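Chains as they are written, first to last, in this note's numbering: chain U, 1 to 111; chain C, 1 to 113.
Hint data in this document are derived by calculation from the structure and do not stem from the laboratory. Here the structure is a predicted model, which is why all the values come from computation and not from measurement. Among these hints, one or two may not hold up.
[Said to hold, decoys possible] Derived DSSO-like pairs: lysine-lysine, alpha-carbon spacing no greater than 27 Å straight-line:
(1) K26(C) / K42(U)
(2) K2(U) / K110(U)
(3) K42(U) / K13(C)
(4) K13(C) / K56(U)
[To be verified] Reference listing, derived: stretches of chain U covered by chain C, where coverage requires no fewer than 3 residues with Cβ under 8 Å from a Cβ of chain C:
(5) 38-50
(6) 91-104
The beta-carbon is built from N, C-alpha and C at its ideal position, and this holds for glycine as well.
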Amino acid sequence: QKEVEQDPGPLSVPEGAIVSLNCTYSNSAFQYFMWYRQYSRKGPELLMYTYSSGNKEDGRFTAQVDKSSKYISLFIRDSQPSDSATYLCAMSANRNYQLIWGAGTKLIIKP
Amino acid sequence: DAGVTQSPTHLIKTRGQQVTLRCSPKSGHDTVSWYQQALGQGPQFIFQYYEEEERQRGNFPDRFSGHQFPNYSSELNVNALLLGDSALYLCASSFGRVNEKLFFGSGTQLSVL
């Protein structure tokens with residue numbers, strides 16, 4: 001079993017829909033949680049960073065962490081075709097420790 | 001402000017050869033990490049360089065080695081290439097060894113034939 005599980009998709013939704021992306025993990029020591037967006041043939045780009053449990057909002061993006069369930073989510077409101085990309089979750093137990101990554105979910109926003 | 005730059009963008013090698021990939025970190029960053037990303041997978045951590053020393057290493061064999069220069073740029077070397085080494089190699093930079101906000105380059109696509 002992988003430390004971080006993420007549905008590979010693809011997830012296809014119409015433009016303007018609310019998108020929900022999720023990751024589950026097994027290591028209860030994880031405290032730092034990140035979401036990265038990766039376009040085809042590009043490196044990942046940091047979208048959201050959250051420490052411990054709770055919610056964080058930035059524009060159309062909301063990140064949620066539920067440490068009791070070992071479950072994190074990324075919500076995208078008013079989705080746009082430009083949001084079409086692969087979304088990767090990453091997490092670590094310590095700011096200096098290596099990140100453990102999910103496999104990524106491919107998201108397709110249909111115009 | 002230049003971001004993270006990697007070279008070359010693409011590389012084709014044959015089994016048994018050796019390869020060197022290069023990375024220049026984002027301005028102001030002093031830490032470089034290297035990742036391997038196979039198709040359809042998340043990045044796998046290879047190692048991290050800080051103050052010209054390898055500080056952390058993932059589960060990769062000794063065929064994978066690196067170097068960091070005084071100007072913070074870095075090289076990844078892979079010896080005795082295997083078909084399974086074909087992947088996108090990503091360089092990420094940060095400041096002070098902190099991994100919470102990594103900036104990635106566009107990667108080097110390595111194909112081993």
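Hints versus structure:
With a C-alpha separation of about 16 Å, the suggested pairing of K26(C) with K42(U) holds against the 27 Å cut-off. Restraint check for K2(U) and K110(U): the C-alpha separation of about 31 Å exceeds 27 Å, so the hint is violated. Simply put, K42(U) and K13(C) have alpha-carbon atoms about 21 Å apart, close enough for the 27 Å limit, and the pair holds. Restraint check for K13(C) and K56(U): not satisfied, since their Cα atoms lie roughly 44 Å apart, outside the 27 Å limit.
Residues of the stretch 38-50 of chain U lying with their CB closer than 8 Å to a CB of chain C number 7, which satisfies the three-residue condition for coverage. With a threshold of 8 Å between beta carbons, the proposed coverage of the stretch 91-104 of chain U by chain C holds, since 10 of its residues qualify and at least three are required.
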